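A.B. asks: Chain by chain, the residues run as shown.
Protein chains: 4
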Amino acid sequence: MTKPKLRIGLIGTGFMGKTHVFGFASAPRVFELPYEIELHSVADITPEAAARAARTLGFAHSTTDWREIVHHPEIDMVDITAPNALHKEMALAAIAAGKHVYCEKPLAPLAADAREMADAAEARGVKTQVGFNYLCNPMLGLAREMIEAGELGEIRGYRGLHAEDYMADADGVHTFRHDPAGGGALADIGSHALATAEYLCGPISRVMGDCVTMIADRPDGRGGRKAVTVDDIGRAFLRFENGATGSIEGNWIATGRKMQHDFEIYGTKGSLAFSQEHFNVLHYFNGADARGRQGFRRIEAGPDHAPYGLFCVAAGHQLGFNDLKAIEVAGYLNAIAGIAPEPFNFRKGLRIQTLVETIHRSSQEERWLDVPA
Amino acid sequence: MTKPKLRIGLIGTGFMGKTHVFGFASAPRVFELPYEIELHSVADITPEAAARAARTLGFAHSTTDWREIVHHPEIDMVDITAPNALHKEMALAAIAAGKHVYCEKPLAPLAADAREMADAAEARGVKTQVGFNYLCNPMLGLAREMIEAGELGEIRGYRGLHAEDYMADADGVHTFRHDPAGGGALADIGSHALATAEYLCGPISRVMGDCVTMIADRPDGRGGRKAVTVDDIGRAFLRFENGATGSIEGNWIATGRKMQHDFEIYGTKGSLAFSQEHFNVLHYFNGADARGRQGFRRIEAGPDHAPYGLFCVAAGHQLGFNDLKAIEVAGYLNAIAGIAPEPFNFRKGLRIQTLVETIHRSSQEERWLDVPA
Amino acid sequence: MTKPKLRIGLIGTGFMGKTHVFGFASAPRVFELPYEIELHSVADITPEAAARAARTLGFAHSTTDWREIVHHPEIDMVDITAPNALHKEMALAAIAAGKHVYCEKPLAPLAADAREMADAAEARGVKTQVGFNYLCNPMLGLAREMIEAGELGEIRGYRGLHAEDYMADADGVHTFRHDPAGGGALADIGSHALATAEYLCGPISRVMGDCVTMIADRPDGRGGRKAVTVDDIGRAFLRFENGATGSIEGNWIATGRKMQHDFEIYGTKGSLAFSQEHFNVLHYFNGADARGRQGFRRIEAGPDHAPYGLFCVAAGHQLGFNDLKAIEVAGYLNAIAGIAPEPFNFRKGLRIQTLVETIHRSSQEERWLDVPA
Amino acid sequence: MTKPKLRIGLIGTGFMGKTHVFGFASAPRVFELPYEIELHSVADITPEAAARAARTLGFAHSTTDWREIVHHPEIDMVDITAPNALHKEMALAAIAAGKHVYCEKPLAPLAADAREMADAAEARGVKTQVGFNYLCNPMLGLAREMIEAGELGEIRGYRGLHAEDYMADADGVHTFRHDPAGGGALADIGSHALATAEYLCGPISRVMGDCVTMIADRPDGRGGRKAVTVDDIGRAFLRFENGATGSIEGNWIATGRKMQHDFEIYGTKGSLAFSQEHFNVLHYFNGADARGRQGFRRIEAGPDHAPYGLFCVAAGHQLGFNDLKAIEVAGYLNAIAGIAPEPFNFRKGLRIQTLVETIHRSSQEERWLDVPA
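Chains as they are written, first to last, in this note's numbering: chain A, 2 to 374; chain B, 2 to 374; chain C, 2 to 374; chain D, 2 to 374.
Read the hints as simulated data drawn from the structure, not as lab findings.
What you are looking at is a predicted structure, and each value in this text was computed from that prediction instead of being measured.
Where a beta carbon is used, it is the ideal one built from N, C-alpha and C, also for glycine.
Don't take every hint at face value.
Coverage of chain A stretches by chain B, computed from C-beta distances (three or more under 8 Å per stretch; other residues unrestricted) [said to hold, decoys possible]:
hint, segment
1, 71-80
2, 128-141
3, 156-163
4, 230-241
5, 347-359
Here's a subset of chain D near chain B, in silico, CB distances under 10 Å, partners left out [as the list claims (entries may be wrong)]:
hint, residue
6, GLY15
7, MET17
8, LEU58
9, HIS62
10, ASP170
11, ASP172
12, ILE216
13, ARG258
14, GLY303
15, ASN323
Pairwise CB distance ranges, derived in the manner of DEER restraints [unchecked claim]:
hint, chain 1, residue 1, chain 2, residue 2, range
16, A, GLU149, B, GLN365, 30 to 36 Å
17, D, ARG294, A, ASP120, 26 to 32 Å
18, A, GLY173, B, GLN365, 37 to 43 Å
19, D, ARG294, A, ASP371, 34 to 40 Å
20, A, GLU149, C, GLU33, 53 to 59 Å
21, B, ASP305, A, ALA50, 51 to 57 Å
22, A, LEU111, B, GLY151, 38 to 44 Å
23, D, ALA338, B, ALA61, 24 to 30 Å
24, A, LEU111, B, GLN365, 50 to 56 Å
25, A, GLY173, B, ASP305, 31 to 37 Å
26, D, ASN243, B, PHE16, 55 to 61 Å
Working from the sequences, and respecting the hints, build out all of it.
C.D. replies: Right, dumping it as C-alpha cells:
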C-alpha cells in the first residue's frame, strides 16, 4: 500500500530553507508519516541560484518566480522561508490557491497582518504551521507533561529568557531586523521565550513591558550611521490565566551568550529548570524526595521521552537542532492528514505577535496591559 | 607593642549572633586587625540563656537587660542581632551612648526609621555597619574590580536574583516576616539582590516593581489562618545611573532553591555570571579571546583574589559562609580605626530600605518611580 | 554538470542501519559531496521486513540474501550493520567483488580477522570505513587541531573514559555481547575511549590492563543462568609514543551514566576537558591567560569549528548524534572519490582491535605489554 | 559546671599551623566540646617569629625550642605542623612525654617510621590524629552513610582522583617534596584519594601502581638543575575487600586544576559523584526513581547533613575549607575525652603510607601486590 504524496514548494533558500529541507529529508526516516514527501520546486532570485538550490537540496524543479510555486497545481504545501516582510503576501496567495502553508517565524511583523493570514487560512480550510522549533524538543514535551499531570503541583513562579549576542557589536550594520515594524530583540528572540512560557504555563493574561534600546545607532552601510528604534533588550512581567506570575527577557546584546533560551518554573510540589544551551537535559526538583536526599535531578533525554527514541537508540546520544526540525515537520504532516491538531498554526503565530505587540505598547505607555484574546 | 582593645557587647544570641561570633573569632587569626577583640558581654532573655551563651560563645559577662550593654562604659561596640523590630530602639540608644553599632540586616523595617538611625550615627560620629555579608565575597570584589577597570566595557544589561524556598510551604506558620511593616521576599532576600546590583553597577535611579503574594494566608498558630499581605515574589525592572538597565527578583517560594543569589552582567567587551550556590567561582567571558577559543571562563577563587589568600593557601580550597563574616568584621574594625571607609554603614543600609520601599510603592501604584536619593 | 552516482547496498536494518541512512539522507544536504547518493538495495531476514525497510528507509530494492547485494553489479558501496560475528564474511565477499565497504564497529571480534579484512581491502584497492562516529565531532576536531598546533604545549597526562549503564542490571539476559570472542565493556565501548585517545595523542605504545567481570552470570533466557566471561569494566594504563602517559576505562555497569565518553588532557601550556554528555562543548584552560582571570573556558561549538557551520547558522544550536553520522558519511565519500584520505579505515579498525586484545592479554598476564604495530 | 581545659602546644606556624588554629578557634563556638581549649604555647625558629605567632594566633607563650613544648607539664596535646621530615622525632618525643599528638599529614615519609609512631602512641595510651581533613566534609559523611545503609546496593566500581597543578611548572624549584623519601604526587595528594577510597569503600586489598616522572629535573636553586626521582603522576588499579574494583590517580601537574579531589562510585542500586571543587554538593543517582524521571540529583549540603547545621542555618550557605578543620578538631577532642573513637589516628595515617608505598613498589616491580595489613 503506497502512501499519498505531499508535494512541497519552497520559497527562500537561505539557512532556514536549508534547515527545513533537513527536516523533510530526515522526518520520513524517523517517523511513520502519512505522506510520501516529494520536493517539487524551489524558488530563488536568479536562475542559477535556484538551479543550484534545486540540485543541492534535492528539488526536482526551480524557478525565479515564487508565484509559480504558489499556483502550481501539483504542489500541495508551500514552505515560506523568505524575508519576514514578504511572508504575508506569499502566504495569502498560497492560501487563496488552496495550499497548505508552512511559514518561518515571525509569521508577520504586525499582529494585524498575522491575524489576516490566520483568518484566511481558517476560512479556506488549509493547514498551517509556524516554525517555533524549540517547542519540538522532547524535554519541553516532558516538562509540559509533568506540569499537566500535576507533578509540580500548582505553578507559582516562572522565569523565561532568550539571550544571545549576535547584535552585541555596536558596529554591526543596520538591517531589517532593526526596523521598527516588527524588529527588535523581543520580536526576534523574546518571541521564543513567550512561546515557551505559554506552551508550559498556558495563556498569559496581562503584561508589563520594559523594552530598551542600548545601541542608539548603527552603521547604515554607506558611511553614516542610522538610528535604531527597536529594542535591544525586551523584558516583561507576566500574569498567567492559571494564577502564576513570572517574567521573560529577550536580549540580543548579551555578550558571550549563544543560546540562553532558559526557563525555571516553580510549583508547590516541585520545580523545573532548563537551558537550551544543553537542551537534551531537564533539571527536576521533586519535593517528595526523602529528606537529605533532595536535589535537582539532571534528567537526560532518552527513549522514555518520545519521540527521542525514534532518533537515537539510547539516552545520552542527544538530539541536535536539525532533529527538532524533523519533529516539527512530522507534526505538521500529521496535521495536514487530519491525524492530529496543528502543533503551532497561524493562529498561534498570531498569538505570539499579539504578545510582542502588547509588551511593546505596555513599555511605551509604561503601564500594565491586558493581552487581547 | 600591644594593640588597643575593642570590647564588644552582643544583643541577641540566635543564629546570626553565633555567626557574628564566628567572625570575631576568626578575623584576628586571618587579618592583621587594628584592635584586639574582647568579647565583653552578651544579652539574652533569661539569666540561664544568657549565661549559657556567654560560656558557649566566649563572652566574659552576661545579662538579661540589653540596656546594660548599651550603657556599659567598658563596651566600645554594640552588636545587634535581635529581631528586626527592635533594631531601631537598640541602635539609637547605643549611638546616644557613643557606641559603634553593628546591626544585622535589615537595618529597620521602614526606611524612615533607617534614616533616623543613619542620621543619628553620623551626628554622633560613631561607626556603623549593616551585615550584607554576600558583598564580602572576594569573587564579588573581583567582579567589581573588573567592572571598574573597564574589563567588561560599558555595562548594558544586568540580571539579579535571590531565590530560596524557605517559605514555599503554604502551611508554614505566619511570622513577623509576613508582617507588612517591612517583611516579604523583596525586603528579606531581594534586598541582597539589590545590594549586589548597586555594589557592581552603581546607583539605581528608577524602578518598576512587581510584588505578588502567592500564598494568600498561613496558619496563625492558633488553629486558624491569617492573611499574608507581604510579597512572596518581588520583581523589579531597573535603570542605573550609568545607563545600564536590568532586573532583579527576590523569591522565597522557589521550591528547591537554597541560595540562588545569582547575577549576570553584560558589557560591551565582556560579561560575568555568578551564582552564590557556588560562590568561590566567577564566570567571565572575554570578547577579546581568539575566535574559536571563546567561552565563559570558570575562575576559581584563589590567592590572586584578596583576601582569599589569608584564609587558604591555594586556589580550590574555598571559603565558606562564615569566612565571609570574618571579612565583614575585619572591614568594620578597620573603619572604626579610621584606616578605611565603612564598607556598608547605616547610610547604605538605609539605601537598601529606600530601594525596597520604592519598588513596593511602584508595584502598588503600577508605575515607574524615581528612587529618592 | 551532474555528479556521478554512488549506489549503496545496506545489510542490516537495525538501529545502526537506520542511523547510517540518516547520514546518507542528510550528508548531501549539508556537504558538497563528490557523488550523488543512491539508496539501491537493502537486505533483511524476511521478504516483509526487507520490503518494509526499503520503503521506510528509501531504498529502491530489497532482498533477503545479503550476497545479492555484495554481487550486484550496480552497487558501489556495501554498508554492513549486521551483527558483529558476520562482519568478516560479508566484508571479505564485498571486497572480493570490488565494492567499497563501510562497516559498523567493531570491525571484527578478533584482531586476526580484522587484519585479514584490512589486508584484503588494501590488496583489492577498495576504500573502507569503520563507524567511529564520536571522532566526527567538530569539538574533537578542535581539540586535535589545538594539540597539533601546540596550544597545549607538550602533552603529559591523559584520562579517557567511556561509561554507560546498559549492562548494569544483573538480570539482563546473556547475549552475544557477553561472548568471550570479542565482547565485553572494553571491546564494546572502551574501544571508543581508545579511539579518542589515539585520535588526540597519537599512537599508544604500551599498556597495562585491568579487565574485571563484576556480574558473574546472567539469565540464559531458558530459565537458567550462564557464566559471563567478558569484562564489565576494562581499565588500562597507557604510554603514548609522544611521551605522554594516561589511562582509560570502559565500563558498561556504571549505574546512571548514559554517555560518559569523557577525556581530560593536560599539557605544559594548557588543558582540555570534554564530556560526550554535552558534546557541543569543549573546556579549555589556557595557562597564558592573565593572573586572577584564569579558568577553564566553556567553548560552545559554532561556525568557527568546521563543519558545524554547514549544519547550523550560529553557535549554540548544537549538533546531534545523527549529525555526526552525516559528517562520517561525507568523509567516507570524499575518500572514495580520492579527494581525502580515509578518515577511519579498516586498518584503523584493526588498530583498535589490536589495542583491545593487547589490554585483555595484559590483564590476563598481569603485566605491561607493548602494543604490536 | 566548668569544663576541663585542654592545653595545646603548637610546633610550626606555617599555613597549616594557622589552619589548625582556625579550627581551635571556631570548634568551641560550633560544637559542644568536652574541653575548654587553651592555646598554651607555640614554637617557631626565632624568638621574634615565635612571639609574633603567639600574638597573632592567640597563644599565651612562645619558644624557639620545640622540646620545651613537648616536655611542658601543663601542655596536654602537641600539635605538629612542622616539615614532614621532623614529624617522627617530634611525635615520638611527645608520646614519650605522655602527650596526645595531632600531626599534619603525611604522618611520616616512610611507612616504617609511621608504624613506629603508631605503635608508640598505642603503647603509651595517648590519643592521636592525622589531618586528613577532606574526610570531615559532611557530604563525604553522607556518602558513607548512604553506602553503609545499602542505598547504593553492592558497590562495583570506584574512580578516585586528586589532581592539582602546583608542580606543573617545570621551572619550579626542587624542594623536599621532590625527595624520593616520601615525596611525589602520589604521597602528597594521591594519599587523599586513597584515604577517601578507603573511607567510602573499606579496605583496599590489592594494588597495581603506575607512577611516572614527567618533569625529569628542576632548578636546584643554585643555577643548575637537579634530577627529580619522585612521581608527578601516580595511578593505581584497586581491589577492595568488599569485592569492588577501582582506580585512583594523584597528579600534581594537571594544568588548570586546583582541587580535583573527585570520586565516582557505582553500585547496583545507585551511584554517587563528587568533586572537591564544589564540596558542598553530592550527586546521587537513585535507580529506583520513576522511569523518565531519573537523573543524578544535585544534593546541596544542609542541616540534614550533620554537622553542617551547627555552622550554617540553612542549606546553600556552604562550608569552607577551614570549617572542615573545625570538624576535625572537634572529632579529635571527643576522642581524647573518650566519647568517640579516634577519627583518623596514627594507625590510619600508617595505613595510608602503607598504601602509598605498596603502590610505589608495585609500579617499580610492574606487578600487582597485596597490601600488607
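A.B. asks: Failing hints, ascending?
C.D. replies: 1, 2, 5, 9, 10, 11, 12, 17, 20, 24 and 26
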